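S.K.: Here are the chains, one letter per residue:
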Amino acid sequence: MAIQSKKNLVAIVDDDDLMRSALQGMLRSVGVASETFAAAEEFLTSGQQHQAGCLIADIRMPGMSGLELQAKLNAENCRIPIIFITAHGDEKMRMQALRAGAVEFLAKPFDAEILLESVRAALEI
Amino acid sequence: MGTQNKSKRSPLAASAAIRYGLALVSVGAAAGLAQLFLDFHLPLAFTAFALSAIAATFWYGGTKPGILAVVLAALVRSYLFDPGISGIARVLYDLVFLVFALLMAMLTRARDSLEVRVKERTAELTRANDELRLEIADRVRAEEALRESQAELARITRVTTMGELTASLAHEVNQPIAAAITDANTCLRWLTRDQPDLEEAREAAARVVRDAARASDIIKRIRSLFKKELAQRELVDVNEMVRGMIELLRSEATRHTIAMRAELTEDLPPITGDRVQLQQVLMNLMMNSIEAMKDVQGTRELTVKSQPGQDRELLISIRDTGVGLPPQADQIFNSFFTTKHDGTGMGLRISRSIVESHGGRLWAADNPPRGASFSFTLPRKTDPHE
Chain A
39 MAIQSKKNLV AIVDDDDLMR SALQGMLRSV GVASETFAAA EEFLTSGQQH
89 QAGCLIADIR MPGMSGLELQ AKLNAENCRI PIIFITAHGD EKMRMQALRA
139 GAVEFLAKPF DAEILLESVR AALEI
Chain B
-18 MGTQNKSKRS PLAASAAIRY GLALVSVGAA AGLAQLFLDF HLPLAFTAFA
32 LSAIAATFWY GGTKPGILAV VLAALVRSYL FDPGISGIAR VLYDLVFLVF
82 ALLMAMLTRA RDSLEVRVKE RTAELTRAND ELRLEIADRV RAEEALRESQ
132 AELARITRVT TMGELTASLA HEVNQPIAAA ITDANTCLRW LTRDQPDLEE
182 AREAAARVVR DAARASDIIK RIRSLFKKEL AQRELVDVNE MVRGMIELLR
232 SEATRHTIAM RAELTEDLPP ITGDRVQLQQ VLMNLMMNSI EAMKDVQGTR
282 ELTVKSQPGQ DRELLISIRD TGVGLPPQAD QIFNSFFTTK HDGTGMGLRI
332 SRSIVESHGG RLWAADNPPR GASFSFTLPR KTDPHE
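Line by line, the protein sequences are chains A and B. Per the working numbering, residue 39 is the first one in the first sequence, and the count goes up by one each step. Per the working numbering, residue -18 is the first one in the second sequence, and the count goes up by one each step.
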């Protein structure tokens, strides 16, 4: 069984199904594989945080929020690069996320190129 | 008859010279006059004049000058008018003067103490008056504060409702739109490769359709929030609702010196409707009118009128003397159209939706010479669509 290469898999965490499939389709068009999760809890129990090369997450979700997820990952010393995309992007939230180590913080609707650039940078490809 | 005197009624204020001088002058005048009357065989003339002199001196000159007057009068009488009378008679005459002097002394003392009391009472009243004035000022300030907080409440209610509505609308619709943009971009990316992948492009395009359909569903759902089932509606007395709204907004209107008038036709039949929504419409229209009149010169009058309309409808109109309709008058009911720099642009749009969901119409017109009027109808039977 081949171990999924850490460098090439992107994890997507968003409660909105349309956004999940849109992101997955977008990444596929540039040859990047991805796995989607409907909730932060699902992602944590999957163990993917130790295998995926990058995480794209929404902030406002029922249950655990994106920022809470970030805090949990930091607590576990998990170094996965996080890119936040959110419908509610206020400056305070942006600062908080970036200070806690996020790679990028984008507001919906986002510029696909910018998102892809961030993903490429995170995966170092 | 009596003595002449011209000094003021303030024994302490006048100088001593005047006061004692008064004794001399008045007794002298009494003697002079008596002398005149003697020719008419009126021996008691001096006594009468002397008593007047004594009275005047006590009253206007004070106690001590009064005593001087008594002494002088007695002397004058003794030596000028009745030099030959017996000792007993003289004593009796003197006694008359003395008794009278005593009476006068008591009278003037009573007057003086009365004056003191009057002064004290006046001071008390002035103090009470000042305190009252302070209280009134405090009361006015408290009223002003109350009015301000009422206005704030009305404003916040309005903004919160509109704000919440707008925010939730924006957020909900944003999601599928962001997804649609991503999917459309993906589709383009598949098509602009050296080797376009049509299957992938088709899938991406299909996703765009699905995303847009989701956005449309959301809008439909929000719109349906304005339509309620018949069962949730109640009987609404429109006049009572208007009066309530006038009261709620009275402080806001007063703040901008706007007069509010109600021309309500009595005994209008109640209509079936959603009270909260209709209040929202009233508040929206009335607040708009208030805003329009805030900065105008001249009359500032907001009139709400209710009357029966055609066909068992009720017709409610809100007229103002404000800046009037904007040049793009036909666009004011569009979403996001606003003439305010902090306006959401949803007010009239939502108001029209509410009225239409009740089966009525909402329209605007000019209110010459200056101002606008907004009118809406509410049919007695709800929503003919149901």
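Derived from the structure by calculation, the hints contain no laboratory data. Remember, predicted model here, so these are calculated numbers, not experimental data. Hints should not be assumed to be uniformly reliable.
Listed next, the in silico DSS-like pairs over lysine-lysine satisfying Cα-Cα at most 30 Å (straight line) [stated by the list, open to error]: (1) A/K146 / B/K201; (2) B/K321 / A/K146; (3) B/K286 / B/K275; (4) A/K130 / B/K321; (5) A/K146 / A/K130; (6) A/K110 / A/K146; (7) B/K321 / B/K275; (8) B/K286 / B/K321; (9) B/K201 / B/K321.
Each pair of labels, with its calculated beta carbon distance range [as the list claims (entries may be wrong)]: (10) B/K275 / A/R158: 27 to 37 Å; (11) B/A310 / A/D128: 50 to 60 Å; (12) A/R158 / B/V190: 54 to 64 Å; (13) A/Q134 / B/Q176: 26 to 36 Å.
All C-beta atoms in this analysis are idealised placements derived from N, C-alpha and C, irrespective of residue type, glycine included.
S.K.: Which of the stated hints cannot be reconciled with the structure, identified by number in ascending sequence?
M.R.: Numbers 10, 11, 12, 13 - these are the hints that the structure violates, sorted from lowest upward.
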